[in-house]
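2 protein chains.
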Amino acid sequence: MLQDKNKILIESIKRLLRRNAIPHLRKIVNKTHAADLSDVFPYLTVRQQHKLFELIDDVEKKGILFSELDEATFLAFVEQMNVDDIVPVFEAMPSDDVADLLGQLRDEKSDAILKKMKREGQEEVENLLKYGDDTAGGIMVPDFIALREDATAGEAIKMFQKDYKDVEMPFYLYVVDEYGKLVGVSSLRQLVVVSPDTPLKAFMSTDVFSVRTDTDQEEVAKLVARYDILAVPVVDDTNTLMGIITVDDVIDIIKEEATEDILKMAGVGTEFIESKSILKNTRIRMPWLLASCFGGLAATFIIGEFEESLKQVSALAAFIPVIMGMGGNIGTQSSTIVVRGISTGFLDVREIWSVVFKELSIGLLLGLVYGTLIGVVAQFRFSGPKLALAVGSAVICSMSVAALVGSLVPMVFARMNVDPAVATGPFVTTSIDIIAVFFYFRIASILLGL
Amino acid sequence: MLQDKNKILIESIKRLLRRNAIPHLRKIVNKTHAADLSDVFPYLTVRQQHKLFELIDDVEKKGILFSELDEATFLAFVEQMNVDDIVPVFEAMPSDDVADLLGQLRDEKSDAILKKMKREGQEEVENLLKYGDDTAGGIMVPDFIALREDATAGEAIKMFQKDYKDVEMPFYLYVVDEYGKLVGVSSLRQLVVVSPDTPLKAFMSTDVFSVRTDTDQEEVAKLVARYDILAVPVVDDTNTLMGIITVDDVIDIIKEEATEDILKMAGVGTEFIESKSILKNTRIRMPWLLASCFGGLAATFIIGEFEESLKQVSALAAFIPVIMGMGGNIGTQSSTIVVRGISTGFLDVREIWSVVFKELSIGLLLGLVYGTLIGVVAQFRFSGPKLALAVGSAVICSMSVAALVGSLVPMVFARMNVDPAVATGPFVTTSIDIIAVFFYFRIASILLGL
Numbered sequence: 001m002l003q004d005k006n007k008i009l010i011e012s013i014k015r016l017l018r019r020n021a022i023p024h025l026r027k028i029v030n031k032t033h034a035a036d037l038s039d040v041f042p043y044l045t046v047r048q049q050h051k052l053f054e055l056i057d058d059v060e061k062k063g064i065l066f067s068e069l070d071e072a073t074f075l076a077f078v079e080q081m082n083v084d085d086i087v088p089v090f091e092a093m094p095s096d097d098v099a100d101l102l103g104q105l106r107d108e109k110s111d112a113i114l115k116k117m118k119r120e121g122q123e124e125v126e127n128l129l130k131y132g133d134d135t136a137g138g139i140m141v142p143d144f145i146a147l148r149e150d151a152t153a154g155e156a157i158k159m160f161q162k163d164y165k166d167v168e169m170p171f172y173l174y175v176v177d178e179y180g181k182l183v184g185v186s187s188l189r190q191l192v193v194v195s196p197d198t199p200l201k202a203f204m205s206t207d208v209f210s211v212r213t214d215t216d217q218e219e220v221a222k223l224v225a226r227y228d229i230l231a232v233p234v235v236d237d238t239n240t241l242m243g244i245i246t247v248d249d250v251i252d253i254i255k256e257e258a259t260e261d262i263l264k265m266a267g268v269g270t271e272f273i274e275s276k277s278i279l280k281n282t283r284i285r286m287p288w289l290l291a292s293c294f295g296g297l298a299a300t301f302i303i304g305e306f307e308e309s310l311k312q313v314s315a316l317a318a319f320i321p322v323i324m325g326m327g328g329n330i331g332t333q334s335s336t337i338v339v340r341g342i343s344t345g346f347l348d349v350r351e352i353w354s355v356v357f358k359e360l361s362i363g364l365l366l367g368l369v370y371g372t373l374i375g376v377v378a379q380f381r382f383s384g385p386k387l388a389l390a391v392g393s394a395v396i397c398s399m400s401v402a403a404l405v406g407s408l409v410p411m412v413f414a415r416m417n418v419d420p421a422v423a424t425g426p427f428v429t430t431s432i433d434i435i436a437v438f439f440y441f442r443i444a445s446i447l448l449g450l
Numbered sequence: 001m002l003q004d005k006n007k008i009l010i011e012s013i014k015r016l017l018r019r020n021a022i023p024h025l026r027k028i029v030n031k032t033h034a035a036d037l038s039d040v041f042p043y044l045t046v047r048q049q050h051k052l053f054e055l056i057d058d059v060e061k062k063g064i065l066f067s068e069l070d071e072a073t074f075l076a077f078v079e080q081m082n083v084d085d086i087v088p089v090f091e092a093m094p095s096d097d098v099a100d101l102l103g104q105l106r107d108e109k110s111d112a113i114l115k116k117m118k119r120e121g122q123e124e125v126e127n128l129l130k131y132g133d134d135t136a137g138g139i140m141v142p143d144f145i146a147l148r149e150d151a152t153a154g155e156a157i158k159m160f161q162k163d164y165k166d167v168e169m170p171f172y173l174y175v176v177d178e179y180g181k182l183v184g185v186s187s188l189r190q191l192v193v194v195s196p197d198t199p200l201k202a203f204m205s206t207d208v209f210s211v212r213t214d215t216d217q218e219e220v221a222k223l224v225a226r227y228d229i230l231a232v233p234v235v236d237d238t239n240t241l242m243g244i245i246t247v248d249d250v251i252d253i254i255k256e257e258a259t260e261d262i263l264k265m266a267g268v269g270t271e272f273i274e275s276k277s278i279l280k281n282t283r284i285r286m287p288w289l290l291a292s293c294f295g296g297l298a299a300t301f302i303i304g305e306f307e308e309s310l311k312q313v314s315a316l317a318a319f320i321p322v323i324m325g326m327g328g329n330i331g332t333q334s335s336t337i338v339v340r341g342i343s344t345g346f347l348d349v350r351e352i353w354s355v356v357f358k359e360l361s362i363g364l365l366l367g368l369v370y371g372t373l374i375g376v377v378a379q380f381r382f383s384g385p386k387l388a389l390a391v392g393s394a395v396i397c398s399m400s401v402a403a404l405v406g407s408l409v410p411m412v413f414a415r416m417n418v419d420p421a422v423a424t425g426p427f428v429t430t431s432i433d434i435i436a437v438f439f440y441f442r443i444a445s446i447l448l449g450l
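Heads up: the sequence lines are chains U and G, in that order.
In this text, residue positions in the first sequence follow the UniProt record's numbering: the first is 1, and each later residue adds one.
In this text, residue positions in the second sequence follow the UniProt record's numbering: the first is 1, and each later residue adds one.
Accuracy of the hints is not assured; some may be wrong.
Intra- or inter-copy, both count: the list cannot distinguish identical chains.
Said to hold, decoys possible - Simulated crosslink set (BS3-like; lysine-lysine; CA at most 27 Å straight-line):
#: 1; residue 1: K386; residue 2: K276
#: 2; residue 1: K158; residue 2: K201
#: 3; residue 1: K31; residue 2: K181
#: 4; residue 1: K311; residue 2: K386
#: 5; residue 1: K358; residue 2: K7
#: 6; residue 1: K116; residue 2: K51
#: 7; residue 1: K31; residue 2: K201
#: 8; residue 1: K61; residue 2: K27
#: 9; residue 1: K61; residue 2: K116
#: 10; residue 1: K27; residue 2: K201
#: 11; residue 1: K280; residue 2: K51
#: 12; residue 1: K358; residue 2: K255
#: 13; residue 1: K118; residue 2: K7
#: 14; residue 1: K276; residue 2: K7
#: 15; residue 1: K27; residue 2: K181
#: 16; residue 1: K201; residue 2: K61
#: 17; residue 1: K276; residue 2: K358
#: 18; residue 1: K115; residue 2: K158
#: 19; residue 1: K181; residue 2: K115
#: 20; residue 1: K181; residue 2: K311
#: 21; residue 1: K358; residue 2: K14
#: 22; residue 1: K311; residue 2: K115
#: 23; residue 1: K109; residue 2: K61
#: 24; residue 1: K358; residue 2: K280
Calculated from the structure, these hints are not laboratory results.
Model the full assembly from the supplied sequences, consistent with the hints where possible.
Shown next as structure tokens:
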């Protein structure tokens, strides 16, 4: 739906640019949401982009467009812009977004921009740049509404009308003591409902969630999702209010973290790389295949050890794929359940043994089912009861071990505070491959007396 | 962090329950957020749960607790409750949550509850039950704030103080015409900022996003995430305002959809099943392994065809794992990138050929790198240049084909409006296994003249 709409938009804008229909373009550009314009930009030349950009009347909209562009498009666009033209746009943006974009620019350029920004904005951005990218400090905005506890509801509403017109999302009104320390929270709605001379401390809630500047962004997202709040205040280690994180940023974090988990499990890095070039893509993906390559080569050596058995019963080779495949698949099931369970909070890292025991039991049961099935096929195909027994037992064995390894490895990694998603994918599949092949040939050579 | 906090909470509540320290328990229960209480419940007996529940003073909090409990705990708890005790709790809940919970209960029980609810709540819930679970209609709440366009800001504020105290999240004020059709939107904040006698139509925004009752929830989530809005109005096909969807529900959708994608790709159903019993778990996971079983058996028959070649060069068998493993891993990379790219909107389903071509090129490049490496190892291990050449070429071949299949299949499924995540996992890995094995033996038998 969204995509179709934007396809039409792209076509119309391109056509109007060709005809140089400025008044028409101006109308479209100012009526279209910046998020949609950001989809059009990658389809235009940098010159065309600048033509469009200059037609945007609202400088805040220019700012939103900046933060919505993908990194490559933004860099190419801004490269052709004077620092003096960039500064007013940055000054109209929330400082957390400015800090993000400055991080993408070359150091000289970002320093030059920062230097020309108004003192206030400059300080805000510099403060944010101090914190780690993935911490609450790095994503908070310093534009919050904070009042002292003896202010009245009426005074608070007046402040709104005067001083706080620029605050990004004014749902909560934070209450601080004389040292700026967070003591309570109220909402714009409560202000409207109580009588104007009621002091804040009479109706504020003192039970206020907050996070520290160094709290991990994933932790912040969990808190906001869990308690259905719209913004969470960020305090330093003396409980002084430093900024807030709003729910729209939390949504971005949740999407980003889910994508990261998915990509890591598949062994394709931690960022979405499809927009990068073929060569860059290849370079990023190459190391993730190394584990699988070494694992496969290890299996080669293991099988090499059983060359004599293979010479006698060449049918043994035919079952390598199914034994590896069944182990690999159930291992992926187990590790996916555990990795996602940990990251959504469904699974408790401390219950390691109950989780692993459960997965092992499931692996054993599924192994019995599929081991029997595959053993029966082996009997029909090669009519060797011993071979069939060896293949069936190897399937049971590889599936149970795979479920064990697939659940144990991410649990252990998580307990050691290593991201289970990164560690799991290639590591688990590769070790399962090796173990499965080894057990298969060991079992077969014993049962077949080779 | 969250988990540690709740571990302490669980321990304290259990201890206090053993000591029957009612006043202490009452204090804790009323101070603790319902989301945290919901974590304690599964660790208690149903009797203990009821004891705690009765100590909760605020009926709204009881409602939040209901919706936060996991399905099994909720059902066991509510089973022991009279309909007359359930009704007041449901009446204090947003109707979308009531509809969700009623869907979990046995029909007789949910009918009995619905019948005893006040007319208004009953109608709201029945209206919601009409819509599909995953549509905007199924997740909207009918408690929105709507005023006519000639009402003034002052009148609107008065309405807030009187009529709209129960509205879940009052950020937006929707403006409707005389037929109830949506014509504009304003915010509580704007009401406070303009002079009280200004009519809504003078300052409302007419550029209002809305979705239809039958819009898919994933589409709604994309819209909210994209435009950073806090709530989206839901209209029927005559543009009459029916309800709103708030950002807290959108967060749940985003998390749910990401989990679904991850589980589907790993072939473990569409729901998080770790809380279910071992047997149920086994039953759900069994069919997802079927594809891999049949694929593996197909590979058995293919290899069986080359039994003669294997008898002559038994070393051939040793390279089956590495060729399958490399193909499988790069195939997972490609399909993961494509599936996640489609669901986050990074990839456009219509650009099927450019995406597939890119993946194929990457597969070829990575195939050249790893094919050479593995070929060299084969030469050292078995010192047969022809075998080394066959193994190397098979790796190149299987990796390119895997990247092709891994990107093409999800793109094609998405274009046919079949969920690419479901279709991709087992289907892609299995077909890659078969293709890789086939090419390997074909190439080897040609090169080695078998």
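Numbered hints the structure breaks, given as an ascending list: 1, 11, 13, 18, 19, 20 and 22
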